[in-house]
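*Asks:* Now for the letters of each chain:
There are 2 protein chains.
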Amino acid sequence: MASGQSSPDPYPMSGGDGPNSYFQNSVHQKSIVEATKEMINEAIRDKLALNSPSNAFNIADFGCSVGPNTFIAVQNIIEAVELKYHGNHQNHQSLEFQVFFNDHTNNDFNTLFKNLHHNHPRKFFAAGVPGTFHGRLFPKSSLHFGHSSFALQWLSKTPSEVLDTKSPAWNKGSIHCTGFHTEVAEAYSSQFKNDMETFLNARAQELVNGGLLVIIMPALQDGVLLSQSSIGVTFDLLGSCLQNMAQSGIISQEKVEAFNLPIYISPAKGLEALLQRNGFFSVEKIDRITSNMNTNTLTAQFLTSQLRAVTEELIKGHFGSEIVDAVFELFNIKLSENWFSIMDTKNQKFMDLFIILSRNFSD
Amino acid sequence: MASGQSSPDPYPMSGGDGPNSYFQNSVHQKSIVEATKEMINEAIRDKLALNSPSNAFNIADFGCSVGPNTFIAVQNIIEAVELKYHGNHQNHQSLEFQVFFNDHTNNDFNTLFKNLHHNHPRKFFAAGVPGTFHGRLFPKSSLHFGHSSFALQWLSKTPSEVLDTKSPAWNKGSIHCTGFHTEVAEAYSSQFKNDMETFLNARAQELVNGGLLVIIMPALQDGVLLSQSSIGVTFDLLGSCLQNMAQSGIISQEKVEAFNLPIYISPAKGLEALLQRNGFFSVEKIDRITSNMNTNTLTAQFLTSQLRAVTEELIKGHFGSEIVDAVFELFNIKLSENWFSIMDTKNQKFMDLFIILSRNFSD
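Order-wise, the sequence lines are chains A and B.
Each residue of the first sequence is one higher than the last, beginning at 1 in full-length UniProt numbering.
Each residue of the second sequence is one higher than the last, beginning at 1 in full-length UniProt numbering.
Hints may contain errors.
Ranges of calculated distance between the beta carbons of each label pair, as one might list FRET restraints [as the list claims (entries may be wrong)]:
| # | chain 1 | residue 1 | chain 2 | residue 2 | range |
| --- | --- | --- | --- | --- | --- |
| 1 | A | Lys157 | B | Thr290 | 44 to 54 angstroms |
| 2 | A | Lys157 | B | His120 | 10 to 20 angstroms |
| 3 | A | His318 | B | Ala49 | 46 to 56 angstroms |
| 4 | B | Ser282 | A | Gly279 | 44 to 54 angstroms |
Covered stretches of chain B, as calculated for chain A (at least 3 residues, CB under 8 angstroms) [what the hints assert, rightly or not]:
| # | stretch |
| --- | --- |
| 5 | 103-111 |
| 6 | 121-129 |
| 7 | 139-146 |
These are computed hints drawn from the structure, not numbers from a lab.
None of these values were measured; they are calculated from a predicted model.
C-beta: ideal position from N, C-alpha, C; glycine also.
Sequences and hints are given; from them, build the entire structure.
*Replies:* Here is the structure:
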């Protein structure tokens, strides 16, 4: 047992609740969390197979950020569990919920707790758990339900080969895994597999037998490259902003070449195969999520704010905080200029998956 | 079950790790925590009576602040539990520790987690639990060991009567419970009893039968009034600073009259009676702590910093942040001027108690 961490944490979503915060700029994620309410309900009704539910039901959200989406997800889970045990057990009133909110140590837990505090009355005991979810965070068999929404596409690190100018996997001229460069794609894919395995193996220890793990994450339609999807086009645009700024001498070319997003959007089939291969869990369901978000009202400014909320800390850490405003001003201009071609790819080759895994009874 | 909170939290210890932080200014508390290592060890060896220790041992520190003292205390507890089960059980290696760090929602958990992160390798899984300990924070029977050090002398609020100019308990001309004014002392004492009861009753629900609750807190020698002790003299001095500043027109007289410290130092006998009366716990031990802190090297600046770390947020919240520096500059001057008379009372009529309570098996 060793939960001590020696490596520095990656960058979190933007903290606080100001105009550039994740709190104010996670509408897409929110619409997805809301769209999954009924799916969570069904998962718990049909797939949760706890031998003997004790008086405490422990839930963890992995990659919770600062709210509010994590609170909505948790609320949905608790309502579904209450509904299930209301039907099946007479002693449902004695069931108490403990919810663990996990994110990196440098996540803004103060803001998370402030938001939680304002979010009352609540039906659960709350705790924040700092640290990487690519390792153990909880004692053995201490959780009944795990949840992770829009967190596992973040890699624990950018694969070092893609930044190595001497490697065949050097990702020259790009800041992400476009999909066009096989060696780069393999380096990213390999890091992703490794990260998914460390995540699943740690959760396998922490979840009780019969417990559930719900994962919500983006995936690519099979045969589609990331740069052919809306999100890939967005990353390409961000990369071109950094290139332009390097050409203007605002940032150094070397800094740009040493920057790659630690994000991997897996092809759906590859993800499914990876989940099937893990012996600790059974894949109960993989569904595509249809959200109710109205994309007609989207604006360039809105999408810029959304991207900024999730990449600002990363850019700040690499290039310095003084250039962040300029990056996203330029991004906003470029996005407006290319609006129709980008909107054209939106939602076509890109999807959000709802995955239910159940912890096998045999180890 | 309802852990939602509707009332605002009191003021925490000063956050961060700067020169005025609690992190840098809790040396007295630290010397006490270190002095109790052997007492903790004995308590766990002789008094911890768990029926069947499962694979997880859950510890909570109530009023943890931002470290480092809470880490030292937790380390002592874990080492003692390991020692006990090393001797008694063959399967001690499978015992995993989960530690819950509790403090008010507005405690600086970001700093706590940063300090925790730097404090590796560590032998436990960690979680932060925001919220008042005068109510439930954990599911029933989910903790094996509770710890609270220098937290329970803080009241959940200043009793309203002492600020009410029409009440016989109006505490005119003082900012704390000096002991000279019977009605004031009764109002403070009554609030303290109420707070201790809500604390103990909540912990009684959360601790398993046979689990231990260790409390470290200051108390007065019987027959001594607070203003006759070193800490009372210090509070009187702080009050006189505020009075002087009101006379100079820097702050308003009304503001000073509306300010009383929510701190109560109980007479030792009264505290013992209160603990004996609570039916959920057995009082296993109440000992006076002898610390190794060298008081000869104390300076006025040092004591000023110590007082500032624990009262700054309170003063800021009541009078505004702009006057804080001036208050403690004046305090430092007055303390230097009265140094020998204050040092004379030091450690004479004031003590720190080490209390062990065990959770009764009968409810």
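*Asks:* Against the structure shown, which of the earlier numbered hints fail to hold, in ascending order?
*Replies:* none
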